Every structure is written in C-alpha cells, then in structure tokens.
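Modelling step: build the complete structure from the supplied sequences, incorporating the hints.
There are 2 protein chains.
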Amino acid sequence: MSFELKTHLEEIISLTDQEFEHIAAHFKPKTLKKHQYLIQEDEFVNHIYFVVKGLLKATFTDANGKAYIIQFAMENWWLSDFRAFYGHVKSITNISCLENSELLSISKDDLDQLCRESHKMEHFFRIKNSLGYVALQQRILSLLTTSPKERFEQLAQQYPQLMQRVSKTIIAAYLGISRETLSRLSAKV
Amino acid sequence: MSFELKTHLEEIISLTDQEFEHIAAHFKPKTLKKHQYLIQEDEFVNHIYFVVKGLLKATFTDANGKAYIIQFAMENWWLSDFRAFYGHVKSITNISCLENSELLSISKDDLDQLCRESHKMEHFFRIKNSLGYVALQQRILSLLTTSPKERFEQLAQQYPQLMQRVSKTIIAAYLGISRETLSRLSAKV
Numbered sequence: 001m002s003f004e005l006k007t008h009l010e011e012i013i014s015l016t017d018q019e020f021e022h023i024a025a026h027f028k029p030k031t032l033k034k035h036q037y038l039i040q041e042d043e044f045v046n047h048i049y050f051v052v053k054g055l056l057k058a059t060f061t062d063a064n065g066k067a068y069i070i071q072f073a074m075e076n077w078w079l080s081d082f083r084a085f086y087g088h089v090k091s092i093t094n095i096s097c098l099e100n101s102e103l104l105s106i107s108k109d110d111l112d113q114l115c116r117e118s119h120k121m122e123h124f125f126r127i128k129n130s131l132g133y134v135a136l137q138q139r140i141l142s143l144l145t146t147s148p149k150e151r152f153e154q155l156a157q158q159y160p161q162l163m164q165r166v167s168k169t170i171i172a173a174y175l176g177i178s179r180e181t182l183s184r185l186s187a188k189v
Numbered sequence: 190m191s192f193e194l195k196t197h198l199e200e201i202i203s204l205t206d207q208e209f210e211h212i213a214a215h216f217k218p219k220t221l222k223k224h225q226y227l228i229q230e231d232e233f234v235n236h237i238y239f240v241v242k243g244l245l246k247a248t249f250t251d252a253n254g255k256a257y258i259i260q261f262a263m264e265n266w267w268l269s270d271f272r273a274f275y276g277h278v279k280s281i282t283n284i285s286c287l288e289n290s291e292l293l294s295i296s297k298d299d300l301d302q303l304c305r306e307s308h309k310m311e312h313f314f315r316i317k318n319s320l321g322y323v324a325l326q327q328r329i330l331s332l333l334t335t336s337p338k339e340r341f342e343q344l345a346q347q348y349p350q351l352m353q354r355v356s357k358t359i360i361a362a363y364l365g366i367s368r369e370t371l372s373r374l375s376a377k378v
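If you're matching them up, the sequences are chains A and B in order. Oh and the first sequence: position 179 is 179 in our numbering, straight run, nothing missing. Count along the second sequence starting at 1, add 189, and that's the number in our numbering.
Please note: incorrect hints may appear among the correct ones.
Claimed, not checked - Straight-line Cα separation of at most 20 angstroms, EDC-like style, residue types lysine to aspartate or glutamate; simulated pairs:
{"no.": "1", "chain 1": "A", "residue 1": "120", "chain 2": "B", "residue 2": "301"}
{"no.": "2", "chain 1": "A", "residue 1": "120", "chain 2": "B", "residue 2": "339"}
{"no.": "3", "chain 1": "B", "residue 1": "309", "chain 2": "B", "residue 2": "298"}
{"no.": "4", "chain 1": "B", "residue 1": "309", "chain 2": "A", "residue 2": "112"}
{"no.": "5", "chain 1": "B", "residue 1": "309", "chain 2": "A", "residue 2": "109"}
{"no.": "6", "chain 1": "B", "residue 1": "309", "chain 2": "A", "residue 2": "180"}
{"no.": "7", "chain 1": "A", "residue 1": "128", "chain 2": "B", "residue 2": "298"}
{"no.": "8", "chain 1": "B", "residue 1": "317", "chain 2": "A", "residue 2": "112"}
{"no.": "9", "chain 1": "A", "residue 1": "66", "chain 2": "B", "residue 2": "301"}
{"no.": "10", "chain 1": "A", "residue 1": "128", "chain 2": "B", "residue 2": "301"}
{"no.": "11", "chain 1": "A", "residue 1": "168", "chain 2": "A", "residue 2": "180"}
Keep in mind that the hints were calculated from the coordinates and are not lab data. As the structure is a computational prediction, the values presented were derived from the model and not from experiment.
Here it is, written out as structure tokens:
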C-alpha cells in the first residue's frame, strides 16, 4: 500500500510483508489540496494521520482572534489534534494544508485494535510517542530560554527544507514574532 | 512491593498479583533527602523514576547562569531527563528534591526487556507517553498564548497541592516571572 509507511515503521520495528499487509489494511488514504482543512476547531477527532507527502500546519486562535501556529507536519510525521483524539473532547485547533497533501489515516478503534493484535505496533507507537515527548520538551526549553533570533536559527538548522517551503509570514507566526522582525533576522543568517 | 505503583498501573491495565510481582521485580527503590540530586547535568542517564512520595524539580541553567524550572514531579509522576535517557546523550538538566522523596527506578535495559516480555506494559507506556505528549502540547500552547497571570491561575487550578508545597520563589521560576510579579498576581486570586 504505502512504501513510505513501511520504510517509516521499519526505522523502529522489523516486519514481514505479511505483517505489513495486515497493518496497512487498517489505514485509509486521504488526499487534500492546498488550503483544505484536515481538522477544524470544535469537531470531535477520531483519526490520526501519517503524512506521505505534503505540508500542513496546526493553528490555535485565541479569544481575540489572534492565530498561533503550534505545529508543522511534513513527510513521515504523525499529525492530529492529539488532545481531542486521546481525550474524547472537541478540537481546539485547525489543521490545514500548506501544500497538496497525501495522508494515511487510522481511526481510534483501528489503532487500539492494531496495537492489541500486534505487540510490534504497540512497541512502535510507544517509542514514537516517547520521541515526540522529548521533541516537545526541547520546544518548551527553547520557548523558555531562547530569544526569537535563536529560535529562528534553530529552526533553520533543524528543518532547512521547511524554510524553503513555507512563507516568511508563516514562519513568523510559528516563532511568535512579527514579519518585520523575521526579515531582519533572516537577512543576518 | 509498591502498592502505589500497582494502583497507578491499574489505571490503564489490569494485572494479576503474579503479573505485578514480575513487573515489580524490575524496579528498585531509591530514597533521597530534600536538596539531594537525582540527576545532574552532564551525566549519562540510564533510569526513569516513578515518584512514590515526595516532590522534585527539573531545572535547566543557561550559559549566563540563569536557572529555569522546566518540570515538577510529585506522587504518581514519571521523571527523568528523557532526552538523555532515550537519546543516549548527556543530561542538560539537574533534577533535585524539594522534599524527602521515595522513588522506584527502572533501567533502560529492564524497561525494554519488561516491555518485550509484557505486551500489557508496552501498552501502559504507549498510553502514558501519549498522555505526556498531550500535556506538553498544552504547556506549549499555554506558553505561546497566555500571560503570566493566566499561567499562574491555570497552575493554581490544575495543581492546588503544588501551590501549598512549593515556595513562591520556585513557582515564579517555573512561570518565568519575578518573585515580585508573582506576589502581585497571587494577592489577587
């Protein structure tokens, strides 16, 4: 089904073709065009998504209408409103496409069943979740201790691809700085 | 061995006495006094810890010597420098006790072995890691979108116990505000 998913899973677990076919049968392809929404605020969220191709952003809009970009997702990333997905509550984020995107979706019931049936997949998601936890801890540390300039440099170093694919306005919204401040910073790098 | 650990595991998985004995055999008790260090900066980290009793803080000190509190941990929380633990790199945090503390430790090898032997434990940590991920996402959202005043109110509402057990200086360092600003905020609540 998806060569990309198999390669991605095999970074953590080894699978026979038969095992992968069983896993892949739990996923459904989903295609979205640039600007289309994957998840909208105030909806219940019953799926997580693996990005085969494309680029998406998750935003939160506060009571005053100010929008914050809380996450990007591109090839080989997992994406959802995880708070809504795991907590059975409504989404507080909007997730939309910055490029045409190809995703694979799995429902909560299918994910739970797959992990029950396959110890390997339970292991895969345990490790994946722990790596995600560490990445978020690093982001918190960065938000607490670094200046916007340092955050911009970290982002450029960690995800050089992202800087090519996303507009400066979007990068500025992610860093929590104005478009003008970002132009000043990026001129210096 | 530990009634607290059994109760905690059984929030997510069901265990026979025999299964729990097998699990508990992988953990070792560790007792620390107030002010003692559990993990120090620049060490490799080979254990994660379950807090049976007590209160700890994880701090990060920047190049200028300014210390940031990045996390607290109290009863029923899991704690480590997870970046160092999972990534086989040296710790960048100091973790120390704010109260006398009783912990249970498990090594990386024992954790991996336990999860290999017990699908239930692999499931427990998958779910636990996903809940941790969601909690950190909420903290990032809070850091991006709320004022120190709102963060103080959220903390007081979410962890009223913590406010009783920790000095105002420590709370201020966690919120990233001065001790004086905190006094002004807490007088109003």
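Hint-by-hint comparison with the structure:
Restraint check: the Cα-Cα separation between residue 120 of chain A and residue 301 of chain B comes to about 13 angstroms, which is no more than 20 angstroms; the hinted pair holds. For the suggested pair residue 120 of chain A and residue 339 of chain B, the alpha carbons sit about 42 angstroms apart, so the restraint of at most 20 angstroms is broken. With a C-alpha separation of about 17 angstroms, the suggested pairing of residue 309 of chain B with residue 298 of chain B holds against the 20 angstroms cut-off. Pair hint residue 309 of chain B plus residue 112 of chain A holds up; C-alpha atoms about 13 angstroms apart against a cutoff of 20 angstroms.
Between residue 309 of chain B and residue 109 of chain A the alpha-carbon distance is near 18 angstroms, which keeps this suggested pair within the 20 angstroms criterion. Our distance criterion of 20 angstroms between C-alpha atoms is broken by residue 309 of chain B and residue 180 of chain A, whose separation comes to about 52 angstroms. For the given pair, residue 128 of chain A sits about 18 angstroms from residue 298 of chain B by alpha-carbon distance, which is consistent with the 20 angstroms threshold. A distance of roughly 14 angstroms separates the Cα atoms of residue 317 of chain B and residue 112 of chain A; the hinted pair therefore holds under the 20 angstroms criterion.
Distance check on the hinted pair: residue 66 of chain A and residue 301 of chain B sit about 44 angstroms apart at the alpha-carbon level, beyond 20 angstroms; violated. Under the criterion of a C-alpha separation no larger than 20 angstroms, the hint pairing residue 128 of chain A with residue 301 of chain B is consistent with the structure, at around 14 angstroms. A threshold of 20 angstroms between alpha carbons decides the hint, and for residue 168 of chain A with residue 180 of chain A the separation of about 10 angstroms falls inside it, so the pair holds.
When the structure is compared with the earlier hints, violations turn up for hints 2, 6 and 9 and for no others.
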